[in-house]
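Make the full structure from the sequences, and use the hints.
Heads up: the sequence shown begins at 4 in this note's numbering, then just goes up one per residue.
One thing to keep in mind: the hints can contain errors.
Pairwise CB distance ranges, derived in the manner of DEER restraints [claimed, not checked]:
(1) 149 - 220: 32 to 38 Å
(2) 206 - 76: 54 to 60 Å
(3) 129 - 43: 19 to 25 Å
(4) 146 - 76: 17 to 23 Å
(5) 45 - 131: 23 to 29 Å
(6) 270 - 150: 45 to 51 Å
(7) 126 - 165: 30 to 36 Å
(8) 31 - 190: 52 to 58 Å
(9) 143 - 274: 53 to 59 Å
SDA-like cross-link-like pairs, simulated, lysine to any residue; straight-line CA separation at most 20 Å [said to hold, decoys possible]:
(10) 165 - 192
(11) 177 - 151
(12) 126 - 104
(13) 89 - 34
(14) 204 - 182
(15) 241 - 213
(16) 263 - 283
(17) 233 - 280
(18) 234 - 207
(19) 256 - 230
No lab work stands behind these hints, which were simulated from the structure alone.
Small disclaimer: the values here were computed from a predicted structure and weren't measured.
In this text, a Cβ means the ideal position worked out from N, Cα and C, and glycines have one as well.
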Amino acid sequence: MKKTFYSIMLSAALLCGTAVTVQAQQQGIAMPAASPLSSVTQEVGLSTVSVSYSRPSMKGRSIYGGDVVPFGQVWRTGANNSTTLKFSDEVTIQGNKVPAGEYALLTIPGQNEWTIILYKDTKLGGNVAAYKQENDQLRFKVKPQTNPRTVETFTINFANLKANAADLEILWDKTIASFTIEAEVDSKVMAQIQERVVNGKGVSPALYAAAANYYADNNKDMKQALEWMKKANANDPKFWNLHAQAKIQAKMKDYKGAVKTAEQSMELAKKANNADYVRMNEKAIAEWKKMK
Numbered sequence: 004m005k006k007t008f009y010s011i012m013l014s015a016a017l018l019c020g021t022a023v024t025v026q027a028q029q030q031g032i033a034m035p036a037a038s039p040l041s042s043v044t045q046e047v048g049l050s051t052v053s054v055s056y057s058r059p060s061m062k063g064r065s066i067y068g069g070d071v072v073p074f075g076q077v078w079r080t081g082a083n084n085s086t087t088l089k090f091s092d093e094v095t096i097q098g099n100k101v102p103a104g105e106y107a108l109l110t111i112p113g114q115n116e117w118t119i120i121l122y123k124d125t126k127l128g129g130n131v132a133a134y135k136q137e138n139d140q141l142r143f144k145v146k147p148q149t150n151p152r153t154v155e156t157f158t159i160n161f162a163n164l165k166a167n168a169a170d171l172e173i174l175w176d177k178t179i180a181s182f183t184i185e186a187e188v189d190s191k192v193m194a195q196i197q198e199r200v201v202n203g204k205g206v207s208p209a210l211y212a213a214a215a216n217y218y219a220d221n222n223k224d225m226k227q228a229l230e231w232m233k234k235a236n237a238n239d240p241k242f243w244n245l246h247a248q249a250k251i252q253a254k255m256k257d258y259k260g261a262v263k264t265a266e267q268s269m270e271l272a273k274k275a276n277n278a279d280y281v282r283m284n285e286k287a288i289a290e291w292k293k294m295k
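So, in structure tokens, the structure goes:
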């Protein structure tokens with residue numbers, strides 16, 4: 004009974020504190036918000052993903068499965084207004100295409116499973132009683148993980164960035180719920196290469212190098228990549244482009260050619276006092292000489 008009474012009194016005190024803050028702000032007194040507004044924006048591939056949300060803190064409360072975030076109920080996933088998730092382009096989540104646009108991020112937390120909802124009505128806010136599943140853009144389930152450290156203030160961030168994807172993480176208390184957002188990259192890049200390099204006129208060394216690096220990094224036509232990189236290095240070779248050319252040659256198992264190109268890169272890097280590229284070339288040359 005004491006624990007229940009204490010929890011009730013603490014919740015009442017926190018609610019009163021919030022009411023006092025709101026009343027003070029209405030009367031023209033600037034005071035810190037109980038759940039300050041925050042936003043985070045992440046470039047995912049060639050697309051932009053933005054989150055806007057309010058950040059409540061634990062303040063000694065038991066979060067999940069208690070009075071703050073009951074299990075099995077729709078949660079606004081934050082505080083105050085709806086937490087929103089905005090995509091500049093179409094993305095893929097859990098194998099599902101999600102059109103560009105802005106959505107409310109709702110969740111149904113559970114002890115062993117969370118339901119993640121992208122909701123079309125971004126004005127729902129805390130009025131979750133008005134939630135209608137027919138307004139879901141997407142609904143899927145994830146397994147929550149235990150965080151080894153306690154996160155005092157509710158946090159949404161991005162992690163595990165890749166060329167075409169990133170994980171959105173929801174962190175509070177000792178719980179992490181996350182999902183992966185994927186953006187289409189290859190078709191967009193290849194269209195640019197076709198237009199500006201393959202069909203382009205007066206192609207600059209920088210464009211040849213960019214196209215060559217993309218082909219090499221994504222294991223496309225290596226002969227084409229080498230041809231473009233040689234064009235990039237034809238008249239005014241740069242040590243970074245020569246190093247990239249050497250790596251392409253090594254991928255094609257031309258280790259003798261790779262060593263020769265890397266030596267050229269290293270000499271230019273020494274003249275430019277770029278110790279990083281000197282070290283990278285020295286290491287690569289030592290490895291490729293063993294492969295000859």
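Okay, the hints, checked on the actual structure:
no. : hint                  : result
1   : 149 - 220: 32 to 38 Å : 35 Å, holds
2   : 206 - 76: 54 to 60 Å  : 58 Å, holds
3   : 129 - 43: 19 to 25 Å  : 21 Å, holds
4   : 146 - 76: 17 to 23 Å  : 19 Å, holds
5   : 45 - 131: 23 to 29 Å  : 27 Å, holds
6   : 270 - 150: 45 to 51 Å : 50 Å, holds
7   : 126 - 165: 30 to 36 Å : 33 Å, holds
8   : 31 - 190: 52 to 58 Å  : 54 Å, holds
9   : 143 - 274: 53 to 59 Å : 55 Å, holds
10  : 165 - 192             : 15 Å, holds
11  : 177 - 151             : 7 Å, holds
12  : 126 - 104             : 14 Å, holds
13  : 89 - 34               : 29 Å, violated
14  : 204 - 182             : 43 Å, violated
15  : 241 - 213             : 13 Å, holds
16  : 263 - 283             : 14 Å, holds
17  : 233 - 280             : 19 Å, holds
18  : 234 - 207             : 9 Å, holds
19  : 256 - 230             : 16 Å, holds
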